[in-house]
Amino acid sequence: MHGIHDIGGMHGIGPIAPEENEPVFHEEWEGRAFGLFGATYVFAGYTVDEFRHAIEHIEPAHYLESSYYEHWLFAFEALLIKRGIVTREELDARVALLRKEAE
Amino acid sequence: MPVPHNAKPESEPALRVRALEAILAEKGLIDSKALDALVDTYEHKIGPRNGAKVVARAWADPAYKQRLMTDATAAIKELGFSGLQGEDMVVVENTPEVHNLVVCTLCSCYPWPTLGLPPNWYKSAPYRARAVSDPRSVLKEFGTELPDTVEVRIWDTTAELRYLVLPERPSGTENLSEEQLAELVTRDSMIGVTKI
Numbered sequence: 004m005h006g007i008h009d010i011g012g013m014h015g016i017g018p019i020a021p022e023e024n025e026p027v028f029h030e031e032w033e034g035r036a037f038g039l040f041g042a043t044y045v046f047a048g049y050t051v052d053e054f055r056h057a058i059e060h061i062e063p064a065h066y067l068e069s070s071y072y073e074h075w076l077f078a079f080e081a082l083l084i085k086r087g088i089v090t091r092e093e094l095d096a097r098v099a100l101l102r103k104e105a106e
Numbered sequence: 003m004p005v006p007h008n009a010k011p012e013s014e015p016a017l018r019v020r021a022l023e024a025i026l027a028e029k030g031l032i033d034s035k036a037l038d039a040l041v042d043t044y045e046h047k048i049g050p051r052n053g054a055k056v057v058a059r060a061w062a063d064p065a066y067k068q069r070l071m072t073d074a075t076a077a078i079k080e081l082g083f084s085g086l087q088g089e090d091m092v093v094v095e096n097t098p099e100v101h102n103l104v105v106c107t108l109c110s111c112y113p114w115p116t117l118g119l120p121p122n123w124y125k126s127a128p129y130r131a132r133a134v135s136d137p138r139s140v141l142k143e144f145g146t147e148l149p150d151t152v153e154v155r156i157w158d159t160t161a162e163l164r165y166l167v168l169p170e171r172p173s174g175t176e177n178l179s180e181e182q183l184a185e186l187v188t189r190d191s192m193i194g195v196t197k198i
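Sequence order for the protein chains is A and B. Going by this note's numbering, the first sequence opens with residue 4, and the numbers climb by one from there. Going by this note's numbering, the second sequence opens with residue 3, and the numbers climb by one from there.
This is chain A alone, in the form it adopts within the complex:
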């Protein structure tokens, strides 16, 4: 079975719409997400293929709706949890704390 990532040749997806003078990162967090790959892949021991494979587990509708670096974030969380480096509870608790601090 083909996953949603295996999109080569699919019809009806629409125009490409390149952006003029596009910045490397559209928001600061995208840069941090990018940097996390370089900072984690060695100690966490994942390859580019495994990282992409993790992205391919995103639910298909969310895969198409979410942005590129959201895909990366999904992969980081999945792979680091799988390896026991962080836990889902730990992450959720910290997100809740940061959200409260920002209010």
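Just so you know, the hints here were simulated from the structure itself, not pulled from any lab data. Beta carbons: idealized from backbone N, C-alpha and C, even for Gly. One thing to keep in mind: the hints can contain errors.
[Claimed, not checked] Calculated pairs, PhoX-like style, for lysine-lysine (alpha carbon to alpha carbon, straight line, at most 20 Å):
# : chain 1 : residue 1 : chain 2 : residue 2
1 : B       : K67       : B       : K79
2 : B       : K29       : B       : K47
3 : B       : K79       : B       : K47
4 : B       : K10       : A       : K103
5 : A       : K85       : B       : K29
6 : B       : K197      : B       : K67
[To be verified] Sample of chain B residues with no beta-carbon within 10 Å of chain A, all distances over it, derived:
#  : residue
7  : D38
8  : P64
9  : K67
10 : T72
11 : L81
12 : P98
13 : E99
14 : V100
15 : L148
16 : R155
17 : R171
18 : L178
19 : E180
20 : Q182
21 : L186
Given chain A, work out where chain B should sit, using these hints.
Just chain B now, with coordinates in the frame of chain A:
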């Protein structure tokens, strides 16, 4: 990292990335300063000007071009560009008869040392879907009209192997220096969606 004080609430992914970075830093697994340096490198230092130097050298120096077409990874390294996501490079040459176009249908693989990080459209579903099935309409969207007699070749990048297009040298550039030639070379021409 400072907590932003602007009015716009932080998005969910922004919060989640910040949470992940904070936890990993507390565990001593990452160094936020090293992460700053990585971001700065790819935001400001590594980009398509590197690839443009490779193309200009190939135009100006036939012996270099031959090395580039035979062993692109080694020839690109001669100019100081190598490393992550450029470990195995292949250069494909545009001619009056053949036009090359690079895509990564499965995701976003791209030659980082020579082009930097890919633009959003390269990673988007429409480009990935259509580059392989209807490349001429994709090229038209970038303003590139090719005669029917020109063969279009599509190269689907993998995690291990990355492609760089060697565009055709424009006519009337015989007297330009290598530096001036490099100025003419655009990112999109090295992906193959445009000509120069």
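A quick look at each hint next to the structure:
Pair hint K67/B plus K79/B holds up; C-alpha atoms about 13 Å apart against a cutoff of 20 Å. For the given pair, K29/B sits about 30 Å from K47/B by alpha-carbon distance, which is inconsistent with the 20 Å threshold. Of the pairs offered as hints, the one joining K79/B and K47/B holds, with about 16 Å between alpha carbons and a cut-off of 20 Å not exceeded. Simply put, K10/B and K103/A have alpha-carbon atoms about 14 Å apart, close enough for the 20 Å limit, and the pair holds.
About 17 Å separates the Cα atoms of K85/A and K29/B, which keeps this hinted pair within 20 Å; it holds. Of the pairs offered as hints, the one joining K197/B and K67/B holds, with about 19 Å between alpha carbons and a cut-off of 20 Å not exceeded. With a minimum CB-CB distance of about 7 Å to chain A, D38/B fails to clear the 10 Å threshold, and the non-interface call is violated. The claim that P64/B is not at the interface with chain A holds, since no C-beta of that chain comes within 10 Å of its own (minimum 34 Å).
Under the 10 Å C-beta cut-off, the non-interface status given to K67/B relative to chain A holds; the minimum distance is some 29 Å. Non-interface status of T72/B relative to chain A is upheld: no Cβ of that chain comes within 10 Å, the nearest being about 26 Å off. Non-interface call for L81/B relative to chain A: holds, since the shortest CB-CB distance, roughly 21 Å, exceeds 10 Å. Against the 10 Å criterion, P98/B stays outside the reach of chain A, whose nearest CB is about 26 Å from its own CB.
The claim that E99/B is not at the interface with chain A holds, since no C-beta of that chain comes within 10 Å of its own (minimum 25 Å). With a least beta-carbon separation of about 21 Å from chain A, V100/B lies farther than 10 Å from that chain, consistent with its non-interface assignment. At roughly 17 Å from the closest C-beta of chain A, the C-beta of L148/B stays outside 10 Å, upholding its exclusion from the interface. Every beta carbon of chain A lies more than 10 Å from that of R155/B, the smallest distance being close to 15 Å; the non-interface claim holds.
Separation of R171/B from chain A is adequate, the least Cβ-Cβ distance of about 24 Å exceeding the 10 Å criterion. The Cβ of L178/B sits about 25 Å from the closest Cβ of chain A, beyond the 10 Å cut-off, so the non-interface label holds. Distance to chain A confirms E180/B as a non-interface residue, since its nearest Cβ pair spans about 26 Å, more than 10 Å. Every C-beta of chain A lies more than 10 Å from that of Q182/B, the closest at about 23 Å, which supports listing it as non-interface.
For L186/B, the shortest C-beta to C-beta distance to chain A comes to about 18 Å, beyond the 10 Å cut-off, and the non-interface label holds.
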